[in-house]
Amino acid sequence: MDSRLNVGYTKKALILATLTYLSGCAVTPPHEEAHDPLESYNRTMDSINESIDRAVLKPVATAYTKTIPTPVRTGVHNFFSNLGEPLTIVNEVLQGKPKQGLQDTMRFVWNSTAGVAGIFDVATRMDLPHHDEDFGQTFAVWGMGEGAHIVLPLLGHSNVRDTIGLFPDGYMDPVAHHEEVRERNSAYGLRILDTRAQLLTASKVRDTAALDSYIFTREAYRQLRWDRIHDGNPPEPEFEFD
Numbered sequence: 070m071d072s073r074l075n076v077g078y079t080k081k082a083l084i085l086a087t088l089t090y091l092s093g094c095a096v097t098p099p100h101e102e103a104h105d106p107l108e109s110y111n112r113t114m115d116s117i118n119e120s121i122d123r124a125v126l127k128p129v130a131t132a133y134t135k136t137i138p139t140p141v142r143t144g145v146h147n148f149f150s151n152l153g154e155p156l157t158i159v160n161e162v163l164q165g166k167p168k169q170g171l172q173d174t175m176r177f178v179w180n181s182t183a184g185v186a187g188i189f190d191v192a193t194r195m196d197l198p199h200h201d202e203d204f205g206q207t208f209a210v211w212g213m214g215e216g217a218h219i220v221l222p223l224l225g226h227s228n229v230r231d232t233i234g235l236f237p238d239g240y241m242d243p244v245a246h247h248e249e250v251r252e253r254n255s256a257y258g259l260r261i262l263d264t265r266a267q268l269l270t271a272s273k274v275r276d277t278a279a280l281d282s283y284i285f286t287r288e289a290y291r292q293l294r295w296d297r298i299h300d301g302n303p304p305e306p307e308f309e310f311d
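Quick note: the sequence shown uses the numbering used here, first residue 70, plus one each step.
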């Protein structure tokens with residue numbers, strides 16, 4: 070499953086993707102027909118990723134949600150979410166959102182201190198909500214098109230723009246700069262587990278609703294990214310029915 074879908078694999082994205090897929094209509098804008106020249110490769114890689122997910126990630130994530138108490142899982146999720154705040158803040162500045170950047174700086178400070186390294190989300194109760202920005206979104210705001218759709222090994226659905234964005238995103242990842250190898254790898258593993266656990270409901274919806282899981286996931290990804298680029302308020306889509 071795609072790391073960029075994490076918690077942001079929202080109900081809105083799922084609903085939009087479901088309506089688009091089941092109704093057989095085209096949505097413009099944002100979604101003109103997907104540019105998918107690598108579809109043959111993408112479907113193969115998507116199948117490989119799904120096989121790995123079914124064999125390893127999904128069973129482990131399911132066991133994790135059943136055996137670990139909700140408050141502990143929430144704390145783990147909050148911790149990793151807090152680690153991502155500096156990346157969000159930098160991209161808010163680059164996108165010309167200084168007010169939101171200041172709010173998220175305050176959010177990071179409060180959660181890192183009063184929230185005990187982000188384990189407790191005290192900032193949300195202080196009217197400092199969570200935002201999610203990355204370099205893929207920043208490149209989109211700067212006018213870069215999404216480019217061809219591509220399915221990455223293990224990481225899942227992406228596009229050329231977002232794949233390029235993974236490099237500066239990764240450079241700013243605090244976990245990547247942790248020197249102790251065992252601790253760093255453990256943190257990576259726990260974050261992957263948290264991400265997959267957050268996606269259990271979403272993947273169930275996809276498996277139930279989609280006749281073609283590849284197209285469903287591709288369009289859900291594109292809807293989600295468009296929604297994020299526009300901070301949850303994208304232009305109203307125009308539906309053209311066949």
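Everything labelled a hint here was simulated from the structure, so no lab data went into it.
The structure displayed is predicted, hence computed values, not measured ones.
There's no promise every hint is true.
[What the hints assert, rightly or not] Estimated spans, in silico, between C-beta atoms of each pair:
| no. | residue 1 | residue 2 | range |
| --- | --- | --- | --- |
| 1 | Thr139 | Lys273 | 29 to 35 angstroms |
| 2 | Ala278 | Glu101 | 34 to 40 angstroms |
| 3 | Glu101 | Met241 | 27 to 33 angstroms |
| 4 | Ala103 | Trp211 | 18 to 24 angstroms |
Built from N, CA and C at the ideal position, the CB exists for glycine as well.
Now for the hints, and whether the structure bears them out:
no.	hint	verdict
1	Thr139 / Lys273: 29 to 35 angstroms	violated, 18 angstroms
2	Ala278 / Glu101: 34 to 40 angstroms	violated, 23 angstroms
3	Glu101 / Met241: 27 to 33 angstroms	holds, 31 angstroms
4	Ala103 / Trp211: 18 to 24 angstroms	holds, 22 angstroms
Violation of the numbered hints given earlier is confined to hints 1, 2; the remaining hints are satisfied by the structure.
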